[in-house]
Amino acid sequence: MTDPTKRKHGDASDGALHLGSPLARVDGDRKVRGEAAYALDAAPAGLAHGVLVRGTIGAGTVLSVDAASARQSPGVLMVFTPFDTPVLGAPDSFLDGTPGEGPFHVFPASILHWGQAVAAVIAETRQQAETAAALLRIDYAPGDVVPSILSKDAGPGVPVGAVDIDRGDAEAALAGSVFRVEATYETPREYHVPIEPHGAVAWWEGDRLTVREPSQWIDAMARTYAGWFGIPFENVRLISHFVGGGFGSKVTAMTHGAVAALAARELGRPVKVAVTRAQNFTAHGGRAATRQTLRLGADADGRLKAIVQDGESETSVFVPFVEQLNAATSVMYDVPNLRSRQRLVHVNTVTPAHMRAPGKHPSAFGLESAIDELAHLAGIDPVELRLRNEAGFNPQTGQPWSSRRLREALVEGARRFGWKDRPAAPRSMRDADGAFLGWGVAAGLFPALDHFGEAGLRVDADGSIEVLSAGIDMGTGTYTILAQAAADALGVLPGDVTVRLGDSELPSGPLAGNSLLAGVMTGLVHKAAAAMRETIIGLALTEQGSPFRGSELNTLDITRGRIHPTLDEGRAVPIADLLKAIGRDRIERIEDNFPAGTSAQERHRIMTTVAGLRPPDGGVSSVASWCAHFVEVKVDEDFGTVRVRRVVSGFDCGRLYNPHLAASQFRGGIVMGIGQALLEGGRVDPRDGRIVNDNLGDYLIPTNADIPDIEVFSVGEPDFRAAPMGGKPVGEIGIVGVAPAICNAVFHATGQRIRRLPLDIAALLSTN
Amino acid sequence: MNRLAYLRASSLEEAKQALALPGSIALAGGTTVVDLAKLGAMKPDLLVDIGGLAGLDAVRVDAGRLHIGALARMADVSRNADVLRLAPAIAESIERAASGQIRNMATIGGNILQRTRCAYFRDASTYAACNRRTPGSGCAAIGGVTPNHAILGATDACMATYPGDLAIVLAALDATVHTDMRDVALVDLFAEAGSGRETVLADDEIITAVSVAADAGAARSSYLKLRDRQSYEFAAVSVALAVDLTGNGPQIRVAVGGVATKPWRLPSVEAVLRAGPPTRARIAEAAATAAGDARSTPDNHFKIRLLTRTLERALLTALDLS
Ligand SMILES: Cc1cc2nc3c(=O)[nH]c(=O)nc-3n(C[C@H](O)[C@H](O)[C@H](O)COP(=O)(O)OP(=O)(O)OC[C@H]3O[C@@H](n4cnc5c(N)ncnc54)[C@H](O)[C@@H]3O)c2cc1C
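Protein chains in written order, with my numbering: chain A, 1 to 768; chain B, 1001 to 1322.
With the rest of the complex left out, here is chain B (with noise of 0.2 angstroms):
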């Protein structure tokens, strides 16, 4: 029988230990993990609990980085005065993020590391077909229903939609994820869709921290997300942004959520950026190369348009251009 175990882990080699045995998982605010366990989406043997561990839920200012414990909690990074002034956009796409009860739980590392919202994946018992779940096992999103689903980086073997909003800042702010074992930059750390690997990460290793430079770019950064209902619902677009307006012309970093596999750079729009004078006749033009390599269904077609619009939208604001 389906016996779940628990283990509140009092230090990183305990929880490292646990978490090597097969079956185990972390656990932190548990908001994905309890979720999708109900579901049988996810059907860990063994739970982690990493809530304990010391010191991993600090946010400091450190050789002109940003640190964000990986154990900090959404609300509280949301409202952290350093967070705030460095890098506002991260405090944007929280405080934008699910709902308050969950951003009392949820923690900053967990955030990242979020599942998909693709029914095809959550509902294991009726649709075995489900690349994320079991590798080479097919994709039953193909044919359902998919107005949510990825036009940016979607295949066959998978277009399920990364979810988040946090990393999509944390994309555009160039981050990087610190871990027990290394230094990833977060734009690396999640696989290729479909692969039947979430991650990069080892099966034990811990998150401990993201980092962003605390930078021209991070202090002017934003994050405008769209979706039908104004609170408590995944994008259907966002938008983050960081724009360094300190040197010759304006350096614009740009990363896109709520259409893509995973938090998605978008280095033609950067490319066409930096060419020359943010006009608006260039940032529409740069907004326009977007969606160039998007893939839709006739569901999520719309996608195309608005990921368009609001790339440009968030442009020109952020350029004071509106």
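In isolation and in its complexed conformation, chain A is listed as follows (with noise of 0.2 angstroms):
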């Protein structure tokens, strides 16, 4: 591992000059004025336009399609039903590149939820398109719906297995215990409603295929792509340069994309295929429901000594999703003892898919709830009981952590939120209004993963300076912190730095997900950056035509993009006149962080699965963001409305290569958070499994209007085991740990304890 002390560059030991500075986001501008171009803008000669056409049914089989009237509709190039669609191939397994298991039906027949799609209708409008689809005559026989994890018949599910835990013997020290909590903990199915609605724009050139698509894992996307065409890889280019959010859902590609694929190639010309707001309900998944009971044991100081969950969460008839419930039961507290269970609950949704947190969100809420409960029953105050548990290390592995400050982030977010002036006792608190305020505390963690990819770097005798990866930018700033990166390493400004993102001709990128990117990013970029800095530096000494050549020096510096002897900065030349002076166009250098000796075979198979993550440090420690959420709320009894009024939160998330731009993930976490805990979910149809609130009318999320002021801090310091330029994930973990912490405070507030989201006027209404 990299020993900080010896780092020259770009690091947060050595005064790096850029990265760690708050730098306002590089394509802020071109965003605001509406310049940047996402993947629905493209809009190539000749294109056509598809939509989906969703099923009408909860489960069943599609015995006909009547399309006569669709195809005879004005503007109709194609209709594709289950019965007429060409058969795709079979990707190599998304999770290890082993051969795929059988080829791609896109339109499969059998129905297993309300809303697959069953057709697409290719036309030179969309409006024609629309009005085509709607003229399609579609026969079902309708199968027995088990519409969600709460139908009666959904039955108890099935063990997971792979996830339990048992660790000592949970049962026995909770029946030792002094107290004992129990209770069972709800949430809802959750929407990554991202501003931008997936769909993908492809056309293609003999047998290569672009595919212009918002993507949050390019190279995986790609490998799909080449996977039902059957063609090279590389022949698949994906591109995606701006990515309107993402949360998870635009990891891998779906239906929409292989029917612009496949269109295209029957019709010889573009087809874009856009996913309506209603349809990014049922063309991919959201969060899963889940439910938990949990036993917490302390001793009489408040120390865990036991800790059994039972959990279950919801997935599809069809692929067996873990929302992984025990993510952060497992490991937040010291508990000697602890015994964990998930089942699966097979219901006819669309099978559920990673979003932001993806376990952590629902294991936090059960446990950080449980944690205050324990302290009520035990008269603890919340902060202290938490310190109390501090794990010195991963209590679930026995690995150190790489760091762990959340003590920090407690003491230090109780100091800013004024914590000590809390009364123990519920329904102390009141506004001058008369209604209740209740302060509450959670906290929250996001374990690290790292991953493999490439950086390259280009420096051309015109001046400029390039960046060069297909990881991509999906508002969280990828571009901006690369740009500072590569400056601090080559010695430049970040402004001088062009970062070209997105696009799968570029170096191999990780994926953007499990908050990874940033960190290996910044790590090759920064590796690519030195060894072109040594590159320059080299050719300045040695080449024919350079000012420095016999210059007898035996290095020479750069800084803000002009060579010079070192303390000398009056014989300084441009890197662009350097390059110029000794007769080259373009420097180029690509650097990797795969293991010495890994084949061609290799890299592609762990770039483009999921076989390539992996833990950080070699696995030698454990390594995890953490945070500390305190909030206030102002609970209007009669009501039963909640209104957020002050959210505090800490965090550990390591080094932040931008704080400016780290404090908007946080701060969009924690707004997420408050959508999470008071407004957001799906409504299932109990009848045949529809999501009733598909439109974000219907569908809350936050407004301005819910949002109150959001004092985020860091408490964290360089980790050079997380990565190598000290950083630990800062995406996702906002979010964790917010629904508790709101809820703790409604239970502060009212004495109400409402243990299943949302926690909206109809739950608070339905208990006072």
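Please keep in mind that the hints were generated in silico from the structure rather than gathered at the bench.
Values in this document were obtained by computation on a predicted structure and should not be read as measured data.
Mixed in with the good hints, there may be bad ones.
Claimed, not checked - Keeping only pairs whose Cα atoms sit at most 20 angstroms apart, straight-line, the calculated DMTMM-like set for lysine to aspartate or glutamate is: (1) Lys580(A) <-> Glu534(A); (2) Lys1038(B) <-> Asp698(A); (3) Lys1038(B) <-> Glu124(A); (4) Lys152(A) <-> Asp1204(B).
Said to hold, decoys possible - Which residues of chain A face chain B? A few of them, derived with a C-beta cut under 7 angstroms, are: (5) Leu700; (6) Ala705; (7) Asp706; (8) Leu765.
Think of the CB as a built atom: it goes at the ideal place given N, C-alpha and C, for glycine as much as any other residue.
Please assemble the complex out of the two chains, which come individually in their own frames, going by the hints.
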């Protein structure tokens, strides 16, 4: 592992200039002006438009599709149904790259959930396609539907096994505990609702396919397209320059992309398929609904002795997707005895997907609510109770933490919030108008993963400097922090660096998920830029035509893009001038972090499947980000309305590559957490499984009016076991623990404990 | 195929002629019509854009009445000085409705005539049964997801909530709806829920304005809207009050929204309030009668309690007793 004291550039300990500074996002200007072209802005000549058609039963079979009038409808070019859509090839396994299991039926006749895509219509215009789509007459044989985990006939589910934990003897320890709490916590289906809905624009040139599509993982999606269409990976070009939010929903290639590429091939012209807002609730999954019963036991001092967890999460009838309910439970506190079981309840839904802080959010909702219940029962302040149960090492794996500054986040958060003035008893704080006020706290974590990748650096004689990567920026700030990382290592200003991202022709990039891309890519860009710096200096000292040749200097420096003898900036030569002087048009470097000797085939496998995800620090230490949220709510008890008045949150995410952008991520996560706590939830029709609130008017996410001042602060220190440049995950952690902090605050305000989200008017009024 | 024609009417006569054609519908701000047409819940053949008709967007005070033109934009009305002074609850109800963007487009006439948000009404392709869309076809909401559905006026034919805010205030203020053919009391405008008609208006009848008496009750009018989200959400429960304290004992008119199939006056509550001085006890007694005829589902049962409490709070606030 890198020794921080030996690093020369770009880390926090040697006074890095740019990485770590609060630079405004470099792409902000273009976005505000509407100049940033998102995938569906692409309008290649001859573009045709496709629409997906959703099935209207919850389960069963498509018997027939009468497409006669649709095909005759003006402008219609093509209709795909379950009975006449070419079958696509089998991509390698997304898990490990082993050969795929079977061909991809784009529109299977068997219906497994409401809203499943059953057909597509391609026409000259979007409106013509929609008109024709409405003319399709689809005949179904409906089957029995199990709409949701709440359905009576959903059954107890099947054990997951793989995530079960048996640590010590939890039942015995629970039985011997002085304080015991037991409760069941539930979270509903939640949806990513990125403001940019999904979609794809595809076209072919011979057997080369280009797809413009918002993507969180260019290379993995390209691999799927290659498998579907039986073409080499290199023949797929996937472009995703900007992504209007993903939150985990844009990681894999989906039906809309398959239809766009297939229709483009059949028609010999570009085709765009835009997924509608309503279809964004059924074309891909949101977060699985969960339910967990927790039993906690503690000694007289509040030290946890045992946790017993029995959880269920929802999944489709065809894929065993696990929303891991013990993700936080197993590592948050020092608990010697823990027993955790999880079952999967298969219902007629689209397969759930990862969504910002998968597992961690519902896990923390249960645990951090239960800890608050324990604190109340034991008469111990909830901050103090957490401090008493701090884990000195990872209690699940026995690994040392690379860093864990949760204590600092709790202590400093309590100080900033004014926690010491909190009366312990519920119902003891009121606002001037008589409404109850309540203060709540909860903690959260986000375990880190590492990934492989490459970064390219290109310096041109025209003065341009480019960072090149197929990694993407979904609004989080990749463009900005990579310019900062390159600037430090190369000796230029961030403004001199152009970052090019989101194109599979560029050096292979990691997944933008698991909050890992920033850590991986800043390290790779640093490495490439440092190598470039050495290359340039070497050329300056040795090449014919260089003003420094024969100067008998051992080395040179580069400052603000100018090469000069160390300590003598008077004789500085701009990089571009040097290239011209030595007769070079361009210098390129690509650096990677593959283990030495990794074959090209293996590189492909680990860059395009989840097999490339690995623990940081070679698995020696346990790496995670930590946070603590302090929340004030105001509750009007008569009305059951809860307003969040104040949030103070502390984060240990190691070194922040850009504190300004990191704060945006923290706040964004907290905003989403407020939505989860008070507003969000897919409403499932109990008969056919339809999501009835599949639009932004009825699926409630917070508006500005719902969001108070949010104060965020960092207690992190550079952690070089976590990532080469010292940072830990930032993008998802903000959401973890917000919902329980709010529910705990509502308990403090009213004495009412809400254990099922969302905590809305109906929930509060059903009990008072 | 489904061709949609569009006509921008330049005179009332032209609009009326076009609206007399089967399958035609008036288009004002379009925020309801375009939404429902896109969903397929409304399948017009001809959109008759009345937005260009002259003289229908003014707010004026005439013979002791406040007149608001049918084509006046929500955003403009909510900021109008006469409205704010003479009937503040009208401004308040609009300010709390929809979003800034919608209020910039939407008109007063269109707002009054907006359709329900019942998901089963809105999704015609999945749910054939909807007495509102197709009289006699049944009601898919029965047994469905119904937290937003009505507890007052709900029948087996239809339990969809009237979602608007403004009309609740207009109901409390005994507003008159003026059309090109006649005057109708606002509370009489709406047809029986699930009857297959939304209103009593003829197909080619055009609302030209609404008016309310600029009386003491209107000047002391108030609107209390409750919902989970603090902006851009329909009411879970809302209460409109007009309180006249100038006579012998208060004259209080009460209408409620978010809970009923149409804008709903509560004569029983008004009667209790008339029976004597407005003490806290009387107010509680009055509020308790509000949900007397309520019919709820497990999903919307909470609205019974919420209605009573909201009404009580609104009355206490309006009478300075809170
Ligand atoms: C997401 C969302 C949230 C909303 N939230 C709220 C809310 O919180 N509160 C609220 O009150 N409203 C809300 N609305 C509804 C919105 O206020 C209405 O859509 C709007 O007021 C309708 O006005 P318009 O001019 O756009 O009507 P249009 O869509 O043009 O017309 C609506 C109806 O009225 C008819 N019509 C219009 N003008 C006349 C006329 N002069 N004579 C005869 N018929 C006429 C049309 O034929 C049509 O049937 C919301 C809407 C949306 C989409």
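Structure versus earlier hints, numbers of those that do not hold, lowest first:
4
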